[in-house]
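Visitor: Residue-level listing of the chains:
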Amino acid sequence: MENNAVALLELRGISKRFPGVLANDAVTFSVGHGEIHALLGENGAGKSTLVKMIYGVMRPDEGDMMLGGAHYAPARPSEARSHGVGMVFQHFSLFEALTVAENVALGMEREAASGDLNQKIIDISKAYGLPLDPTRYVGALSVGERQRVEIVRCLLQNPRLLIMDEPTSVLTPQETELLFDTLRALAREGCSILYISHKLEEIRALCESATVLRGGRVVATCDPRNETAKSLAEMMIGSELAAPPARDTVPGEVRLAVNGLTRASDDPFGVDLKDIGFEVRAGEILGIAGVAGNGQEELMAALIGESRSEQAATIVVDGTPVGCDGPTVRRAQGMCFVPEERLGHGAVPDMSLWENTLVSARTRMGLSINGFLKNGSAQAFATQVVAAFKVKTSGIEHSAASLSGGNLQKFIVGREVLQAPGVLIAAQPTWGVDAGAAADIHQALHDLMKKGTAILVISQDLDELMAISTRFAVIANGRLSTPRPVGEVSIEEIGLLMGGVHSDAVPASEAAHA
Amino acid sequence: MLRLELRKEPSRAMRYATPVLAVLLTILAGGIMFALMGKDPVEALHVFFISPLSDLFSITELMVKASPLILIAVGLSFGFRAGVWNIGAEGQFTVGALTGGVVALIFYNVPGIWLLPMMTIAGVLGGMAWAAIPAFLRTRYNANEILVSLMLTYVAILLLSVLVHGPLRDPEGLNFPESRMFHDSATLPILIAGTRANIGFVVAILVAITAWIVMARHVIGFQVRVMGEAPLAARFSGFLESRIVWLCLMISGGLAGMAGLFEAAGSVGQLVPMLPVGYGFTAIIVAFLGRLNPIGIVAAGLVMAVTYIGGEAAQIELGLPSAVTGVFQGMLLFFLLGIDVLVHYQIKSRRPSAVAAKS
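Going line by line, the protein sequences match chains A and B. Throughout the first sequence, residue numbering follows UniProt numbering, covering 1 to 514 in sequence. Throughout the second sequence, residue numbering follows UniProt numbering, covering 1 to 359 in sequence.
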């Protein structure tokens, strides 16, 4: 649908300043009626700030917004909603212990849980192809279904504009298609959609126009259907992308072997690991795909040693069983880890960068003797990481929390990679990281692989896994499919595996039942 | 409408300036309070804050009051950094005095140079044992250590009272609820003849220096700090939560027990039911006033001791009620926490009429 004379949403010279940063600098763009409009940009480009202002979470310092031809300045999200603006956040705000209908009722103004709310939910969900049972508990829903709850909650309020923040990061390919059908149907009915994503292929498939942000400014407006993913990415980062690394290494000896790893989750809503088995050889990257919440966190905790196994032989590093040991012993054996959460797990937010090297590099880098910390060595190592990984920071004295997401991730990956691990295990290494930093991180993993490190990457980003891994497996409901070389598996097959349909019913570890 | 907005990176300089500002504001508010009460504020403040520093005797009294506060607060600072909230130092103080005191009473007629070290060890172990109860209940059953340690304080105080009224009562003491006086080799050596300042102050300073080294330069201190700021990162780093909980409670319990024994074997010289006078609680303020930094705690302990001595002087010379000490300690904590909020948050005024004004 073409832009009408009067756009639905129009932003004129919107600026927003934070202490030390100009997050949005005179941003001007408009979204037409019934248009699916992409908002594209690296992390820190100012996308989130911008949509938060449209949704009334923050207010602009300068500039005007027009909605449907009238001045629009929401002071809070409820005001935005009453103007017909809905938003589905990347991180859901749902109560797991409540039903779908109760969750929907909580997010709505006035219309409390009236008798026909269940019916309304069923009607809406049917009309837009979002199957949802209002009486089920959210805790029992998959991530894709939870997202539907959020969408249905927005749709119940008849939005004129729906903002979607990275909606597909948690979906399988099939679920993504389903979501796109829904969004297209909404757009046909005249609802405009502002779609934020890193995934360039999706934007090309779905959106009719795109506004590209870089450093808080609008740098381009285009029709993504006429662009290639490469040209979009180049607009976003403002430089040419490096070609994906070639896979020309020959795998060596087995460095990490996991055999019959079975573990009940400590979390009542968690996923139990069921007889997981795989091997990673020197010079290869094994990618583990899967929809969030299918046992990735539990697998990561078991591999780091945060949750320990009963039997040492379940995890073997270079021939040494370490299943019963904690992270420090495993590191001494040559393992290094990049956890999914940067702030609070991989790094201590309020500690300086150099103190953060002490979190995981004490053992391998000899940053302590007899328990006494060698602050000088830690500072030297931090400086080395910052230089080698081009971490943008005004100094290693600054806190981890002061870095942008991409820079902190580069620091954490650098901290692990420079320890020259024999086995590196990374979860979501480029989650929420801009394209430039992602390319650097992928390059670092590739270089490390070439040096003979066995690498395991757990990620929900299929494109990432396809780009970097040499072998590939899928985790679904706590079970791991048999790893296979990348290239032998079709996208359809992967989708089925991610949905929990195992073509190979036999788990990979038939050799070792401990 | 006013609202608070988190600052991105709070100023480091302000972190250290906060306690000083809090002290100054307390003095200012104290002056206003004295004026409202009809006293000459300058004279009153002089009595309260200057006289405790004006002669040798007052200064040695300052050391007597500051020693237990510093010892306890240094111990508490480990737990407070790690998010282990031992509120029951008063109880551990009491039990430490009791166990160490029992050793002194067992050997009431046996002098020896070994006696004082033995009493100290018994006092430390007593405090640790009392702190082991909340440690066990938290690590085993996830029971809240704040409540457990606090309630055990009252148990400890009653336990002391029962024992001093019964088995530990001085047989020649005319039925007063007091133990025998400790003999010379069971009391702390005096630092300056003619005063009550004892070796406990030296020990407190040494403990603070050791704690500072451990906190800043040792893996133990690092564990404690990581645990407090990011528990998941502590696990990632290979530290076990239960071990840190035990460690913190043993350090704080042990040092509180030592402070209790030093009080009994120092300025008091016997076991009496009124031995616990609230040092264990005041030390919580001292720990925060000292920014949970052992060196800061030494300074904070001395400042807090001034409020005790100054409060006594104000009662005697100005006829003010004894509550004046508590009022000053309360104001100090209030201003400290208040300024802390402003260091970590910005006050922003929201203009509710902005929408109307623009359209």
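What the hints contain is simulated information worked out from the structure, not anything from laboratory work. The structure presented is a predicted model; accordingly, all values stated were derived computationally and were not measured. Where hints are given, some of them may not hold.
[Claimed, not checked] Here are some, though not all, of the chain B residues that point toward chain A, as calculated from beta-carbon distances under 8 Å: (1) ARG180; (2) ARG196; (3) HIS218; (4) VAL219; (5) ILE220; (6) PHE222; (7) VAL226; (8) GLU229; (9) ALA230; (10) LEU232; (11) ALA233; (12) PHE236; (13) SER237; (14) GLY238.
Just so it is clear, CB atoms sit at the ideal spot from N, CA and C, and this is done for glycine as well.
Visitor: Which numbered hints does this structure break?
Guide: Hints 1, 2 are the ones this structure does not satisfy, whereas the remaining hints hold.
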